[in-house]
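There are 2 protein chains.
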Amino acid sequence: MLHAERGPPARSVQEIRVTSTPTPVRSRDLAELAARLEAELGPDAVTSAVVAQETGGEERFAGDRSGSAAAGTRFLVVLPQDTAGVQAALRLAHATGTPVVPRGAGSGLSGGAIPVDGGIVLGLERLTAVREIDVLDEVAVVEAGVITADLSAALAPHGFFYAPDPASARLSTIGGNIATNAGGLHCAKYGVTRESVLALEAVLADGTLLRTGHRSLKGVTGLDLTQLLIGSEGTLAVVTAATVRIRPLPVARRTVLARFASVEAAAGGVNAISRSPVRPAATELMDAGTLTDIDASTGSLLAEGASAILLVELDGYGVDEQVCDLTTALVGAGGTVREIPDEDEAEHLWELRRSGRGFSPEVLRLGEDIAVPKSRLAEIFTALTEIGERHGVQTSALAHAGDGNLHPCLALPREEAGEGIEDGVLPAPILAAADELVRAALDLGGTISGEHGIGTAKHHWLDLELSPASRALQQRLKSALDPDHLLNPGKAL
Amino acid sequence: MLHAERGPPARSVQEIRVTSTPTPVRSRDLAELAARLEAELGPDAVTSAVVAQETGGEERFAGDRSGSAAAGTRFLVVLPQDTAGVQAALRLAHATGTPVVPRGAGSGLSGGAIPVDGGIVLGLERLTAVREIDVLDEVAVVEAGVITADLSAALAPHGFFYAPDPASARLSTIGGNIATNAGGLHCAKYGVTRESVLALEAVLADGTLLRTGHRSLKGVTGLDLTQLLIGSEGTLAVVTAATVRIRPLPVARRTVLARFASVEAAAGGVNAISRSPVRPAATELMDAGTLTDIDASTGSLLAEGASAILLVELDGYGVDEQVCDLTTALVGAGGTVREIPDEDEAEHLWELRRSGRGFSPEVLRLGEDIAVPKSRLAEIFTALTEIGERHGVQTSALAHAGDGNLHPCLALPREEAGEGIEDGVLPAPILAAADELVRAALDLGGTISGEHGIGTAKHHWLDLELSPASRALQQRLKSALDPDHLLNPGKAL
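In the order they appear, the protein sequences are chains D and C. With numbering that gives the first Met the number 0, letter number 398 in the first sequence gets 397, and the count goes up by one each step, no holes. With numbering that gives the first Met the number 0, letter number 410 in the second sequence gets 409, and the count goes up by one each step, no holes.
Derived from the structure by calculation, the hints contain no laboratory data. We put the CB at the ideal spot given by N, CA and C, even for glycine. Be a bit skeptical, because a hint or two may be false.
[Unchecked claim] If you want the footprint, here are the derived chain C segments under chain D, 3+ residues with CB under 8 Å:
1. 132 to 142
2. 219 to 231
3. 272 to 281
4. 401 to 409
5. 445 to 453
[Claimed, not checked] Label pairs and their calculated CB-CB ranges:
6. C:S354 to D:E263: 47 to 57 Å
7. C:V129 to D:L441: 24 to 34 Å
8. C:R475 to D:L430: 32 to 42 Å
9. D:L300 to C:V129: 21 to 31 Å
10. C:R125 to D:E342: 48 to 58 Å
11. D:H157 to C:S299: 33 to 43 Å
12. D:H157 to C:G331: 12 to 22 Å
13. C:A260 to D:D319: 37 to 47 Å
14. D:L441 to C:S359: 53 to 63 Å
15. C:R475 to D:D81: 24 to 34 Å
16. C:T327 to D:D81: 50 to 60 Å
17. D:H458 to C:R475: 20 to 30 Å
Looking at chain D on its own, in the form it has when it is part of the complex (with noise of 0.2 Å):
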């Protein structure tokens, strides 16, 4: 039996569960919804039945970057103060069979915080707290809110980081980062955020407080329900805080660049990292399109002598051999290598590939995320061209190709795209190509999401990935956590 660890005493969940059949709200009913959660969470908590793409100010909670709510979406945005008020709200929720969409920054790429129609936004982003940082423990417990980029400043000076680094590090919340099991550029040396969660306080569907994991990095005691909620998307659980590992900075960091004269030699280049006995902290390979994207809006040279670009970040003891064995594999693998050894022009270089590709209004893209075994590179921006020119897209991608993640653009001027296009709705030669590149994917072995994650974006792709067996399971699961099936719903399963 479900209980409450916690929170406002006056009525426990079981009276809830007990009295109260769930009854779906209809828009008209938002705003009574909303007097019962400001009576409970104050009034600064809670915005009343907003409309999506109607609400000048509040707009920034109807979607995320993949995309907002259809026109005339009503929901309710509930921003509680803390892990109480998480759980008040999801008691509301759970005794009026709301629909609850958790949001963090609203930062996600696949539409996972996107707001379904009668229900609730529940953002974290008032649970902001660093709650504390033990060196001796290594680890740091963080509310969901708190910007991933402001941990590793936290940290930074107890010359500590926070390894899990997004590209949208300094938007994205550690909440929506646990969500999602969001990965970045270091993570074939440090790990995916998983690898850096060792427990969890999060709140159940029906408003129960959970305490998942433990504090020492070992830990073995029942199932691992801190494992199962990470990378479910919000429709498991709403995260509220986590023990993160932390780590000592690096005693040295050191970047080399190598040109290629094809992708398909610097995928080898990749290939010949394997081999050797060095293991970057980053490995990021740049296309043709990708290197012309970025000098066009930059001003950089990148593309001049070449094809392809590894951009490689070393760190740790023994950079000056690390850079050594680097230089070996990747110059027998045909690639002309220099070492960065200016520190400004080699953070520059990184800039340019976390943000230097200029997205211009006048073309109509889609990033896309897939991942493949590393050792398939090659073929995948092969498939990519190809699927390209069959389509009549213009396509350029760009690689953490240490752990085999793809971020390929797939673009067409507007001009190109004919009459009838509207706002957020993408040209069919587009969306034809990036099923093709999916498929592409997964017949190398790969899968449909490396890192951005399923939400509504991809969800059309899952039966591709995953056996009937697999979903049915998935679904299994989501019934035991969330009976109801209130928790964003229509999302990522």
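Since chain D is already given, all that's left is putting chain C on it; use the hints.
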């Protein structure tokens, strides 16, 4: 609806589910069950109606290294040749309502493989293929029955290794390691078993084949069933094969030995390492009792001039610089530090650590497995001594100090234990001391099991660590995967 993805086509799981009502098998029905299993799997794969404690050669299936089934327990031993055989056995068990205890090498220390009366012991020991080694993808695909050390032996010619290394690596299997999320000496740097498993092939309770995970290092499609199954001690599914991550052998290794005047000082040395930039591959702490035990049984002289020792392994690039930073940290904490340049001497020290403790049959012992946040090591060692004195029990401990995992030994000479001590039953003072020790670990923010698992041995302590909400949720997850609760009943959860 779950359905079979693979397996004998003669009859589908669906047919079995419709036509059979599970009926508990009593001991006298085992002969009939054996006949049906022999008909499906061949006579070689089934050992009929084994009775614990009365069967001579088959007794190895009666228990694990923590104990055996009660005398008179009747069970069938089933040893399938392959995954299809595992499916067939589970289908029949499901159809007849027969409990199933999955078994690797029987090297577990928590009773997870102890047979249940009237049940099947499903041994995976014949699934021993290393199906694939791919150094470019940095993965190996191995069957559940592969001995863990054999995998690293197979990888060595390629210059690679499999990182998880429980002390039992020469006995235990990959499947058993996955079932318990096994740890070992190198986890603080390389992670526990969980961090090295990318994908699983597993059979559900009704015989359905399930494939989870991905071959790329990244992948976030759906709930992470791989992670849910790891550490579930055979209660959710039977793992038949795994895709595991492999790593290049380190370019160098170095052993450092530091002597301390007290175990508290050695724990201070662990804190000094945490404050330093160096992160050892292994950090083993041995207290005075452990050193004395090793010296007595091997003739070594570890205890000379030391009340506690930290035995540290550094690896990778820049080991000289690592040794320098480590030495600075440990000398600052009061240690007497010696680098061991001779590889044979270093290997001898590690062998003493792994298996040097002699266990006289004249002494009754309980080996424990707890973990605490690593800054609390001094406190748990102090608690151990106090508890031992209070109960008149000899205590000693060694620790995987880098991850806070402690293996205390609670001992009483047989002659002091008094009359009436049966084989396999520990005297009351040892049991009382163990109970206090587990509670002390929890009071320090630790866990009741660092790496050995819960099995039957720690089942009675679960409520001390897990909340009612967590336990209820775990039962619901169990029911979602194994509705009839046939897989390893009474264990782990």
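Verification of the supplied hints:
no.: 1; hint: 132 to 142; in the structure: holds (count 6)
no.: 2; hint: 219 to 231; in the structure: holds (count 11)
no.: 3; hint: 272 to 281; in the structure: holds (count 6)
no.: 4; hint: 401 to 409; in the structure: holds (count 4)
no.: 5; hint: 445 to 453; in the structure: holds (count 9)
no.: 6; hint: C:S354 to D:E263: 47 to 57 Å; in the structure: holds, 50 Å
no.: 7; hint: C:V129 to D:L441: 24 to 34 Å; in the structure: holds, 25 Å
no.: 8; hint: C:R475 to D:L430: 32 to 42 Å; in the structure: holds, 39 Å
no.: 9; hint: D:L300 to C:V129: 21 to 31 Å; in the structure: violated, 48 Å
no.: 10; hint: C:R125 to D:E342: 48 to 58 Å; in the structure: holds, 57 Å
no.: 11; hint: D:H157 to C:S299: 33 to 43 Å; in the structure: holds, 39 Å
no.: 12; hint: D:H157 to C:G331: 12 to 22 Å; in the structure: holds, 18 Å
no.: 13; hint: C:A260 to D:D319: 37 to 47 Å; in the structure: holds, 38 Å
no.: 14; hint: D:L441 to C:S359: 53 to 63 Å; in the structure: holds, 59 Å
no.: 15; hint: C:R475 to D:D81: 24 to 34 Å; in the structure: holds, 27 Å
no.: 16; hint: C:T327 to D:D81: 50 to 60 Å; in the structure: violated, 43 Å
no.: 17; hint: D:H458 to C:R475: 20 to 30 Å; in the structure: holds, 25 Å
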